[in-house]
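Participant: Sequence:
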Amino acid sequence: MIAATVCAAALAALTAAAPARAHQRPHWELKDTTGAGASDVRYRGLAAVSRHTAWVAGTQGTVLRTTDGGDTWRNVSPPGAGELQFRDIEAFDARRAVVLAIGEGEASRVYRTDDGGATWTESFRNTDARAFYDCLTFFDRRHGLAMSDPVDGKFRILSTSDGGRSWKVLPSEGMPAAQDGEAGFAASGQCLVASGPKDVWLATGGAARARVLHSADRGLTWTASDAPIPGGDPARGVFALAFRDRAHGLAVGGDFRPDQTSPRAAARTTDGGRTWRPADRPAPAYRSGVAWLPHSRTAALAVGPTGTDLTTDGGRTWRTVDPGSYDTVDCTPDLGCWAAGEQGRVARLER
Numbered sequence: 021m022i023a024a025t026v027c028a029a030a031l032a033a034l035t036a037a038a039p040a041r042a043h044q045r046p047h048w049e050l051k052d053t054t055g056a057g058a059s060d061v062r063y064r065g066l067a068a069v070s071r072h073t074a075w076v077a078g079t080q081g082t083v084l085r086t087t088d089g090g091d092t093w094r095n096v097s098p099p100g101a102g103e104l105q106f107r108d109i110e111a112f113d114a115r116r117a118v119v120l121a122i123g124e125g126e127a128s129r130v131y132r133t134d135d136g137g138a139t140w141t142e143s144f145r146n147t148d149a150r151a152f153y154d155c156l157t158f159f160d161r162r163h164g165l166a167m168s169d170p171v172d173g174k175f176r177i178l179s180t181s182d183g184g185r186s187w188k189v190l191p192s193e194g195m196p197a198a199q200d201g202e203a204g205f206a207a208s209g210q211c212l213v214a215s216g217p218k219d220v221w222l223a224t225g226g227a228a229r230a231r232v233l234h235s236a237d238r239g240l241t242w243t244a245s246d247a248p249i250p251g252g253d254p255a256r257g258v259f260a261l262a263f264r265d266r267a268h269g270l271a272v273g274g275d276f277r278p279d280q281t282s283p284r285a286a287a288r289t290t291d292g293g294r295t296w297r298p299a300d301r302p303a304p305a306y307r308s309g310v311a312w313l314p315h316s317r318t319a320a321l322a323v324g325p326t327g328t329d330l331t332t333d334g335g336r337t338w339r340t341v342d343p344g345s346y347d348t349v350d351c352t353p354d355l356g357c358w359a360a361g362e363q364g365r366v367a368r369l370e371r
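Under our numbering, the sequence shown is numbered contiguously, ending at residue 371.
In case anyone wonders, no lab produced these hints; they're calculated from the structure.
We treat Cβ as the ideally placed atom computed from N, Cα and C, and that holds for glycine.
Do not rely on the hints blindly, as some may be mistaken.
DSS-like cross-link-like pairs, simulated, lysine-lysine; straight-line CA separation at most 30 Å [said to hold, decoys possible]:
id, residue 1, residue 2
1, 174, 218
2, 188, 218
3, 174, 188
Label-pair ranges, simulated between beta-carbon atoms [to be verified]:
id, residue 1, residue 2, range
4, 339, 54, 12 to 22 Å
5, 290, 55, 38 to 48 Å
6, 253, 124, 16 to 26 Å
7, 196, 297, 18 to 28 Å
8, 179, 317, 36 to 46 Å
9, 115, 353, 17 to 27 Å
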């Protein structure tokens, strides 16, 4: 099944390493996952390793993996996880991955596999009823963080230095106070993202002002900046972030309710998140995922339930290029871009 084509500007970015194919236009090509997972699974967790290898994680405790570009999928879900909701997955390669289940109390868990999902080890189970973990990210193969909605008035940060095999809660002294009602959105696995060895950003919503928090020391100390994406409601805020380096970042979000409009649903920064500027022409609706296109300094994709948008000017303007529903998107250096979402939908950008 072939979705509508992405515009020619994306082609230039995606075919830089393959000029012989420059006559073709990239497009989302849906991959059939129904043989490995239920068709009603919603995949909000996505880890793209390459054009050939990707992992998705979603409802009903489901984790799938492909190593042949999405032609076939293997159900590698952790045993006994059927009641869990996986919302984020980070993969180091075809064999090693870490997946996060979200929810109150013990529903928030982390699992790790070292054998392609044949076996899993539960490496963290939240025992604090006040905590609710939303996202995780890794700086490298050993160092990573996970974030929880505020506990005692501050976002809680979990840290690993052994690739997700063990975790510890970081001290909260360096975390700014949360606003009333402020939280993260477990919508795409992109409310906590890293770039480089120490920089990490955290997206928030649900409060009077949507914010982006930044740490330059792997989560020990943080600063907060207001984002121009509207807040003021539990359903509004910044849902996803993407940084192509420690300075240049994109933020997308809006109001996730389908009967509400989402003006000013995209923003950009060129100073590492200290300041954010609204897009001159933002995405036309709520967007939950965003990713820079590989080998491009200006092109990126944003996805949501009502379509995919493309920017070719670093987030200043966006235009819809595909009407399909996706929750999350991820790209790899070998020109692989993947998207995933509701009703078992997983797609790869083809060219």
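Participant: Does the Cβ-Cβ separation between residue 179 and residue 317 fall within 36 to 46 Å?
Facilitator: violated (31 Å)
Participant: For the range 38 to 48 Å, tell me whether the beta carbons of residue 290 and residue 55 fit it or not.
Facilitator: holds (45 Å)
Participant: Per the hint of 16 to 26 Å, is the separation of the Cβ atoms of residue 253 and residue 124 within bounds?
Facilitator: holds (21 Å)
Participant: Below or equal to 30 Å on CA atoms is what counts here, so check residue 174 against residue 218.
Facilitator: Roughly 21 Å separates the two Cα atoms, so the pair holds.
Participant: Does the Cβ-Cβ separation between residue 339 and residue 54 fall within 12 to 22 Å?
Facilitator: Given range 12 to 22 Å: violated, Cβ gap about 32 Å.
Participant: Against the range 17 to 27 Å, how does the distance between the Cβ atoms of residue 115 and residue 353 compare: consistent or not?
Facilitator: holds (19 Å)
Participant: Is it true that the CA of residue 188 sits at most 30 Å from the CA of residue 218?
Facilitator: The hint holds at about 17 Å.
Participant: Taken at face value, is the distance from the CA of residue 188 to the CA of residue 174 at most 30 Å?
Facilitator: Roughly 16 Å separates the two Cα atoms, so the pair holds.
Participant: Given the range 18 to 28 Å, decide if the beta-carbon distance of residue 196 to residue 297 lies inside it.
Facilitator: Since the Cβ atoms of residue 196 and residue 297 sit about 22 Å apart, the hinted range of 18 to 28 Å holds.
Of the numbered hints stated above, those contradicted by the structure are hints 4 and 8, listed in ascending order.
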